[in-house]
Amino acid sequence: MTDLKAFSLEVRTWLEDNCPDEMRQPITSDKDICWGGREWEFQSTAQKVWMHLMAEKGWTVPTWPVEYGGAGLSRAEEMVIKKEMKRIGARSPLDSFGIWMLGPALLKFGTEDQKKEHLPPVARGEIRWCQGYSEPAAGSDLASLATKCEDMGDHFVVNGQKVWTSYADKADWIFCLVRTDNTGKKHHGISFVLFDMKTDGVEPKPIKLISGRSPFCETFFKDVRVEKKNLVGVQDKGWDVAKYLLTHEREMIGGQHEVAGSLTRPLHELAATVLGLDDGKLSDTILRSKIAETEIDEWAFSMTLTRKLAEAKAGSSLGADSSMLKYYGTELNKRKYELMMDATGHDGLEWESDRSSDGKLARTWLRTKGNSIEGGTSEVQLNIISKHILQLPGA
Amino acid sequence: MGLVLNEDESLLQDAAEGFFADKAPIKELRNLRDNRDEIGFSQALWKEMAEMGFTGVLVEEEYGGVDMGFMASGIIAEQMGRNLSASPFLSTSILAATAIREGGSDDQKSNWLPKIASGDAIIALALDERAKHNPDNITTTAERSGNGFRLNGSKAMVVDGHVADAFIVAAKTGSQEDGTEVTSLFLVDPNTNGISTERTIMLDSRNSARVDFNEVEISGDALIGNIDDGEHILRKVLNAGRAAVSAELLGAGSQAFESTVAYIKERKQFGKIIGEFQALQHRASHLYSEIENARSAVMAALTALDKNDDNSEGICAMTKAKLGSVAKLASQEGVQMHGGVGMTDEYDIGLFMKRIRVLQELFGDASYHMNKVALSNEY
Ligand SMILES: Cc1cc2nc3c(=O)[nH]c(=O)nc-3n(C[C@H](O)[C@H](O)[C@H](O)COP(=O)(O)OP(=O)(O)OC[C@H]3O[C@@H](n4cnc5c(N)ncnc54)[C@H](O)[C@@H]3O)c2cc1C
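Protein sequences, first through last, are from chains A and B. Note that numbering that gives the first Met the number 0 has the first sequence beginning at 0, numbered continuously upward. Note that numbering that gives the first Met the number 0 has the second sequence beginning at 0, numbered continuously upward.
Please note: incorrect hints may appear among the correct ones.
Claimed, not checked - According to the in silico footprint, chain A covers these stretches of chain B (three or more CB under 8 Å from chain A):
#1 259–271
#2 280–287
#3 292–303
To be verified - Straight-line distance between alpha carbons at most 27 Å, and here's what the computed DSS-like set of lysine-lysine pairs gives:
#4 Lys235(B) - Lys171(B)
#5 Lys171(B) - Lys289(A)
#6 Lys280(A) - Lys371(B)
#7 Lys353(B) - Lys82(A)
#8 Lys228(A) - Lys185(A)
Said to hold, decoys possible - Derived DEER-like restraints, expressed as beta-carbon distance ranges:
#9 Ser9(B) - Thr376(A): 32 to 38 Å
#10 His231(B) - Ser288(A): 41 to 47 Å
#11 Glu125(A) - Lys271(B): 50 to 56 Å
#12 Pro392(A) - Ser195(B): 30 to 36 Å
#13 Ser366(B) - Thr12(A): 40 to 46 Å
#14 Thr182(A) - Val340(B): 46 to 52 Å
Hints listed in this document are in silico derivations from the structure and should not be mistaken for laboratory results. Think of the CB as a built atom: it goes at the ideal place given N, C-alpha and C, for glycine as much as any other residue.
Produce the complete structure using the sequences and hints provided.
Shown next as structure tokens:
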């Protein structure tokens, strides 16, 4: 406890001294989010400096061991850093699928060589990863995936198609679920492999979304050569790696609105500015109750995130509770954006104007609809809670 | 961190869990109800709670208490909620203990706190007056009369008022220059002339009272704290009360939920265990998520009180709003998923629904607190 206090003071001072002013401003466009990678073009010197300074401290991945680019901190210490960053409005120095998903999976299932090769470049923002899980016929029923992976003795060859691969066109490497055996039950025979997106035969094609943007792709594989050393975990038993990775992805998605929330104004403030007050109360009294209810739920949920992380050990997974966080956090975020659209009325409908930063709110509102689909739908999360937490039959 | 129990708190939780399940299970509430018990709770249980240190959980050691703080008081309340245990814990050990501790004179403290701790006194808060909780609009008055005061007015929903050895009465004592009314708190003997008390048995088989004050003369030393300064004591009392009621709601809601999940794992229809139906699974899983959030809110509120957080009032308001909604959902879903047996007196789920209904209302329902939260955030 007192140790944490001392640590939080240390963090506060360091952030004050090192976080560039520009990096303390609210995010206004997608480009303000730093994803790193070979092709990454920094938006500003400040963005570059900020990422490098944080990476040097190991604070882009605070709970990872020092030898893989982290700072070897506990979950509680990581929360202190997040809290202190939030206090000054500091932007995240680096966001990536490598940090949220691949890293935890490699830390648990990777060989020493794999950790040494792949983790430090993630921590330093040098390699950007994408996730090759979903296929046209394998969405919620992920384990029915069919992308074929043949064992050629000294290497593998992959053929097939993935879909909804976020940022496949921008990523350097992919962690991919493939089928190495189709003779047994569907959960058997899946393997977890890594390969460079520049390998011959890999072709991502962007898909345009309702927000007008194209953050994800169809990804085709034709005779793609994968080195044997890039198999993570046991061949045919990749489902264990895949599921474990998903608990981290879900925890991240569930907690995401917390971070995003800190960058936007509170809902009630936005509503008060647009709609005005009547005798000290928001003029639309029905909307007022919905906002109060949602803000109370947000607060309670943020307490749950804090509580669950405090209960968990460094580097460990929250298990099936990550499904609860994912389900509740994303549904809550959707509710919040619906209310923002209600509050901003006609203004919130503008799609192309400087006034609206090119429809930022409208596009974000549309994007939130994907929160309860990506990483496993809300219904799937409820199935997981039913099965693993409530232990209901047949779930 | 505060949101995770420490070792002492875990030990207390185990002790309270065993104690209430053993000494005051739901069966006991049924006995009290079916035998039309004269007071509505077991005096013997109250004495045993004193021996466990529960009654004096908020009383300082110099007055015979164990002074374990609000988190501890919430842990006890939660277990009472799980077992629907009837006792004057809320009225006496939470509300009265907080009022006297925060505002009492030395005499009041040494007269009453040891008796609270030893289980020898029951003290009831006489605050609300009408159908809904409304502490900002008290109409009971206390006028100066000689060296003392004269009380006039009516109180309702005075929890444990039918057996109280003393009332803590909130009354208007005047107005400030800007016209806002000011309140004071008084410790009043229920046997004083002019007081009439009607026991009101509520739907949860628990008791409160309607209390009328008609030209009641009380002495000057009945005042708790300073004259016209009742509001700041009352705030602390209400924060403590809202957190404790929320903790009891958490216990009752969690138990209703767990019993329901157990039931849907047993009952068969269409040749299947009904818990196999996804419609029920998803509703149960949603409820699980809500109860997790409710637990976090309760722990945050109790921690805020223990730390004397500046925003305790706001946090307790958010918590009471959240718990009111979540426990209500737990009891509604519980009855529905039980089907016909959920409507019978034989099954316990209905008893949970009743207790939760009362606790929802006590010290402000979800609408009251949502409004309060909105106002404190200036919207
Ligand atoms: C923004 C976004 C980003 C994404 N990024 C990636 C990525 O980077 N990599 C990747 O691999 N994938 C990604 N995905 C894909 C995502 O994981 C899938 O879309 C998701 O798992 C759902 O699969 P589906 O689209 O095939 O829907 P379906 O599985 O066809 O679901 C359709 C509907 O049926 C419901 N349903 C299905 N099964 C059940 C069931 N058993 N019980 C109850 N209801 C059920 C679903 O809940 C849903 O409402 C992304 C998706 C989105 C929206």
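Tested hints:
Chain A is given as covering the stretch 259–271 of chain B, and this holds because 4 residues of the stretch bring a CB closer than 8 Å to a CB of that chain, at least three being needed. Judged by the Cβ-Cβ criterion of 8 Å, the stretch 280–287 of chain B is covered by chain A as claimed, because 6 of its residues qualify and three suffice. Counting residues of the stretch 292–303 of chain B whose beta-carbon sits less than 8 Å from any beta-carbon of chain A gives 7, enough to reach three: the coverage restraint holds. Note on Lys235(B) and Lys171(B): the hinted pairing holds, with a Cα-Cα distance of about 18 Å set against a maximum of 27 Å.
As the CA atoms of Lys171(B) and Lys289(A) are separated by approximately 34 Å, the hinted pair breaks the 27 Å bound. Our distance criterion of 27 Å between C-alpha atoms is met by Lys280(A) and Lys371(B), whose separation comes to about 11 Å. A hinted pair counts as satisfied when its Cα atoms are at most 27 Å apart, and Lys353(B) with Lys82(A) does not qualify at roughly 41 Å. For the hint linking Lys228(A) to Lys185(A), the alpha-carbon distance of about 24 Å falls within 27 Å, and the restraint holds.
Distance hint check for Ser9(B) and Thr376(A): the Cβ-Cβ separation is about 37 Å, which falls inside the suggested range of 32 to 38 Å. In this structure the supplied range 41 to 47 Å is violated for His231(B) paired with Ser288(A), their Cβ-Cβ distance being about 29 Å. At about 54 Å, the CB distance of Glu125(A) to Lys271(B) agrees with the hint of 50 to 56 Å. Taken as a hint, the range 30 to 36 Å is violated for the pair Pro392(A) and Ser195(B), whose Cβ atoms sit roughly 57 Å apart.
A hinted range of 40 to 46 Å for the beta carbons of Ser366(B) and Thr12(A) is consistent with their spacing of about 45 Å. Distance hint check: the CB atoms of Thr182(A) and Val340(B) are about 48 Å apart, consistent with the given range 46 to 52 Å.
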